[in-house]
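With the hints as a guide, bring the two chains together.
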Amino acid sequence: MTPSPQRRVDVAGLVIALVLLVLAGLVWWDMTKLQILSPYDLGPKVMPIVVSTCLVLLAIGNGIGALRGDLPARDSLDWMPIVLILGGLVCLIALIGLGGGFILGTAILFATTSRAFGRRAFLVDFLIGLVLAVLVYVLFSKLLALSLPAGPLERLI
Amino acid sequence: MDAFVSLAHGLTVAIQPMNLLFALIGVLLGTAVGVLPGIGPALTVALLLPITFKLDPAGSIIMFAGIYYGGMYGGSTTAILINTPGESASMATALEGNLMAKAGRGGPALATAAIGSFVAGTIATLGLSLLAPYLVDIAVSFGPEDYFALMVVAFVTVSATFGDSPVRGLTSLFIGLLLGLVGIDILSGQSRLSFGVPELYDNIEVTTLAVGLFAVGEALYVASRRHIHEEKLEPVRGSLWMTKEDWKRSWLPWLRGTAYGFPIGALPAGGAEIPTFLSYATEKRLTKHPEDFGKGAIEGVAGPEAANNAAAAGTLVPLLTLGLPTSATAAMMLAGFQQYGLNPGPLLFADRPDLVWGLIASLFIANAMLLVLNLPLVGLWVRLLAIPQPWLYAGILVFATMGTIAANPSPVELIMLTVFGILGFLMRRFDFPIAPVVVGLILGPVAESQLRRALSISLGDPMVLLQSPISATLLFIALVALIAPFVLKGLGRFKAVED
Numbered sequence: 001m002t003p004s005p006q007r008r009v010d011v012a013g014l015v016i017a018l019v020l021l022v023l024a025g026l027v028w029w030d031m032t033k034l035q036i037l038s039p040y041d042l043g044p045k046v047m048p049i050v051v052s053t054c055l056v057l058l059a060i061g062n063g064i065g066a067l068r069g070d071l072p073a074r075d076s077l078d079w080m081p082i083v084l085i086l087g088g089l090v091c092l093i094a095l096i097g098l099g100g101g102f103i104l105g106t107a108i109l110f111a112t113t114s115r116a117f118g119r120r121a122f123l124v125d126f127l128i129g130l131v132l133a134v135l136v137y138v139l140f141s142k143l144l145a146l147s148l149p150a151g152p153l154e155r156l157i
Numbered sequence: 001m002d003a004f005v006s007l008a009h010g011l012t013v014a015i016q017p018m019n020l021l022f023a024l025i026g027v028l029l030g031t032a033v034g035v036l037p038g039i040g041p042a043l044t045v046a047l048l049l050p051i052t053f054k055l056d057p058a059g060s061i062i063m064f065a066g067i068y069y070g071g072m073y074g075g076s077t078t079a080i081l082i083n084t085p086g087e088s089a090s091m092a093t094a095l096e097g098n099l100m101a102k103a104g105r106g107g108p109a110l111a112t113a114a115i116g117s118f119v120a121g122t123i124a125t126l127g128l129s130l131l132a133p134y135l136v137d138i139a140v141s142f143g144p145e146d147y148f149a150l151m152v153v154a155f156v157t158v159s160a161t162f163g164d165s166p167v168r169g170l171t172s173l174f175i176g177l178l179l180g181l182v183g184i185d186i187l188s189g190q191s192r193l194s195f196g197v198p199e200l201y202d203n204i205e206v207t208t209l210a211v212g213l214f215a216v217g218e219a220l221y222v223a224s225r226r227h228i229h230e231e232k233l234e235p236v237r238g239s240l241w242m243t244k245e246d247w248k249r250s251w252l253p254w255l256r257g258t259a260y261g262f263p264i265g266a267l268p269a270g271g272a273e274i275p276t277f278l279s280y281a282t283e284k285r286l287t288k289h290p291e292d293f294g295k296g297a298i299e300g301v302a303g304p305e306a307a308n309n310a311a312a313a314g315t316l317v318p319l320l321t322l323g324l325p326t327s328a329t330a331a332m333m334l335a336g337f338q339q340y341g342l343n344p345g346p347l348l349f350a351d352r353p354d355l356v357w358g359l360i361a362s363l364f365i366a367n368a369m370l371l372v373l374n375l376p377l378v379g380l381w382v383r384l385l386a387i388p389q390p391w392l393y394a395g396i397l398v399f400a401t402m403g404t405i406a407a408n409p410s411p412v413e414l415i416m417l418t419v420f421g422i423l424g425f426l427m428r429r430f431d432f433p434i435a436p437v438v439v440g441l442i443l444g445p446v447a448e449s450q451l452r453r454a455l456s457i458s459l460g461d462p463m464v465l466l467q468s469p470i471s472a473t474l475l476f477i478a479l480v481a482l483i484a485p486f487v488l489k490g491l492g493r494f495k496a497v498e499d
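Top to bottom, those sequences are chains A and B. Once you know that position 70 of the first sequence is 70 in the UniProt record's numbering, the rest is easy, because the numbers rise by one and skip nothing. Once you know that position 72 of the second sequence is 72 in the UniProt record's numbering, the rest is easy, because the numbers rise by one and skip nothing.
Chain B on its own, in the form it takes in the complex (with noise of 0.2 Å):
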């Protein structure tokens, strides 16, 4: 099989010395933030983007791979212990692992959590490098209109097809590609939406404007809500370890998990939330403890934990086959790969096998170096959630401030940070999802670039677009992904006047 010689080259990349402490570094870092409130692992990439300018790209990537691994480990344990799921994803885990906390079983749920993210992640990991090949393969025909298609699937289903409203979602898209604009267009050399501003005409950093949203708005919000939300943290009781009955209720729903979470976070379908509910939903329906859900089901964390770790792995085979990110976390990583003059997608993969298997190679050895981390060190961790609260975001904006002034140490940069951070509380208080904006910066100027290409080779006619197979087949998913939402809620109204 290629795809094993491929991963065993990956394999002696991965295992030199340097990149096994990069990853120990990445997986530390990502259970730690994983861990604090307030602090996900897209955040985190864009705190290091900066700070990592100057290091070895292998090392820094397979880094950021470990800190998005280590966030969704990290994530469960304050899901489970406090009942504040750090990011959506693990908002189902928090269902029945925060009861099975309170009912003194915590120990045996952060345990099927882990394990189960460690089989999950695993599994999924295996099927990326397996199935990279085969679109490696496929996307090489893909020509620019092809490409420009693709995107514009990826924008409609992160944005609309899964959120609570396709409009507030497409909202937040174009926000991100109306930031997207700003600066000089390169093709043409002139300006857009710079007002004479020098900051402007190089483009709005991909680092102020996340950190902005994600640290700086996530702070504002929490602040304004502290009269009304309290946290609990529930101390871990008795004993950490699973009983042999635990380990027969927990291994078909992580495989389960895993079987939902790796398609649907392969497909440009946006994140790892989707999956999560529907492991959920079947453990409750498969059960054959059906009284324990609602009381702490040891199933229904096992369930999603899985599904949750499996998509964050499968949102790394649009990320490195296409460069096409479909969470918050991945469009971060395509930054760290654009901050290097890399630029994941087929070419990549042949000019730089080393790195692209080096990465998935090391993935396998972040999952395990979290297990050994996780299971017996999860002490230490919970430990992390006695930080006083204020000082835990006063640290976050130091941060954050700091980030962006190292990376271009000028007074506009920070008005700018401000300026996002005050766009992000608006939208967390609205309800406008986040992730589409960071996609849309990244993702639009790429996707203006493709169309723009394809249009000239075409000689303006638009038609192109819809001439080659492949993009009139994407786009034709992407107008049926648009309309399904809208379609879906009309039928829902119905059926509501129905009852």
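Chain A extracted, bound-state conformation (with noise of 0.2 Å):
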């Protein structure tokens, strides 16, 4: 990187600082709930206090940094891929969530990350995950005996 003049102030930089505040804030007010149970130490107050005066100190140096423009360059980025793996994610959340269970859940988001990464075979790839699932499903539940969400396709198995 070059050093140059007419560096620019980089807001999401300025962003990133300001969230630091929010959570030594948050840390600050969760720490003035707590209780001291020992008269001679400060207890469970003594790392929240260490953590949010850091956290403090850390936002104003991100802060300065992003004034100065001092973060590295940053490529141009693509928001489709993420916003279908994401996708994926928040379906097989709702899905387990709903009791749809894993399967179901597992094969879409397969599919949606095939897609992110570029295939567009999406029905190929949901079977595939499908198929995956599945297999998966019967390794846990019977040879590993860790027990998976179940839905409707679970209970068939």
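Calculated directly from the structure, the hints in this document are not laboratory data. Small disclaimer: the values here were computed from a predicted structure and weren't measured. Hints may contain errors.
Short derived list, chain A residues pointing at chain B, Cβ under 10 Å [unchecked claim]: (1) Ile16; (2) Met31; (3) Leu55; (4) Asp75; (5) Ser114; (6) Phe140.
Some chain A residues well away from chain B (every beta-carbon gap over 12 Å; in silico) [what the hints assert, rightly or not]: (7) Arg8; (8) Val9; (9) Ala94; (10) Leu123; (11) Leu153; (12) Arg155; (13) Leu156.
The beta-carbon is built from N, C-alpha and C at its ideal position, and this holds for glycine as well.
Structure follows, in structure tokens:
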């Protein structure tokens, strides 16, 4: 990187600094609700105080860096794959939360992630994901005796 | 020698058929994930933690160590053949290694990497066996304030001293420490930062954090940059074997790389990145064939690869003797110990010598297995690189979510995984290091309990931290390590102005 006089204020960097300040405030506020049981030490409050104080200092440090435009250069960003992957995760969470089961959600996640990385055969990938999920479900529940969330599909196995 | 007696005893544990099998599974998995771009050893251990919960502790820890060593071997294959090092420790290898592959000397590059890794791994593991008993003797006399000070040193070196930016490294660390606060405080029974969510009362799962940051974060990051970055696999052409000339040019760099890697890894100084680049720079300066550098010099592969593996063994020294993880993978291994209620440190050497020395002895075996697996079978591993990227990452995400649900079947856990994934993506995008977050989450609560123990012994007087000579020295070292990068950066800027 070449230091140039026309360094610009980095807005994203300022947001990071702000988030750190909010986190520091949150930790401090949470700390005030704790009770000290031992008369001799600060007990559960010690670490929150340290963390909160240091987060304020780091927010200032990050803020200064952002104002001076010190952040490393960033490449352009393609939002579509991110939306696809997060969408797949949200589907999985919703399906498990609503009792739709693990297999269906996993197949959807497999297909959306695969789409995010540029494959266009959504249906084929969905089927691959389905087979993978069934195999995993059988392996986990029968061999390792770990329970995965079950839905209508799982009850058939 | 005491160490050799213990080691011989450990060997009897390590050669039990079940443990040999675990070591073999570990090195196979480790090599496979090391070869695959996008998954590192830390993520693999994280994914396996929930699955191995019900297995025998000795076996699974031997397997984790096999994954650690195997990941180092596999990573070099990817670095040489597609020039996208899976982790920062393989970056130096990629420089000359990929040039060698392009020049049709990929075979000898892979060979010198594998043999160098074996030489370095064996010497460094020997160093670990000799050094560990001494460190254990010293560590026995540590009070809680000394342990706390030691952890402060580790925090500073891991996050601030050796990163690109001390501020960003420390920010990562404190995000980890903040996450470590979440949950019920064991000593007082009060909940912190839980906001009434039952899943948060049980603390944040290390595996959820690590899998979110490493797997989901990496997938989001790679997917978002796919339009910029394209990977190209160099086929292995020509002979796989090293010529006599190659051997002559390789053996000294192996030894020098080991000499850099082991001590730097053994100090709580964080990671294998520094020794690999030191080794690269040294070989570039000492070589008798300076014309080859930039065109594929074998010294530039042999040295860093040896340094890389020696550092991996080195990080096991503070991990086993002091319970101090100095890399993301070591942190995950510590989590592996903790899931069985085992705490690495001097007590573990006294209570479970079979386990500790069995682990160390199995490292020698794993190393030998890796040499055999990697030299003749390298063609097989290379085929893993042919898995289409969409399926690879889709598979990674499926296993990531599956491991999380298996450990804790609740949607809230998956929401946390997703949030940590977004965090991991943002940290990669804005160049914040990931490892300090994991180290902070794992080590934060331990450091807190040591600090509070020290404070309650001293009746709340914080001066106890400076009254113990060990603690005072360590805190001074931490202070120097914290200030040094700022001062050096200032000097660097001054120099730049002068030029």
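Here's how the hints hold up against the structure:
1. Ile16: 7 Å, holds
2. Met31: 8 Å, holds
3. Leu55: It holds, given that the least Cβ distance between Leu55/A and chain B is near 6 Å, below 10 Å.
4. Asp75: 6 Å, holds
5. Ser114: With Cβ-Cβ at 4 Å, under 10 Å, it holds.
6. Phe140: With a minimum Cβ separation of about 6 Å from chain B (threshold 10 Å), the hint on Phe140/A holds.
7. Arg8: Holds, since 16 Å exceeds 12 Å.
8. Val9: Holds: least Cβ distance 15 Å, greater than 12 Å.
9. Ala94: 8 Å, violated
10. Leu123: Holds, since 14 Å exceeds 12 Å.
11. Leu153: 15 Å, holds
12. Arg155: 15 Å, holds
13. Leu156: Fine: 19 Å to the nearest Cβ keeps Leu156/A off the interface.
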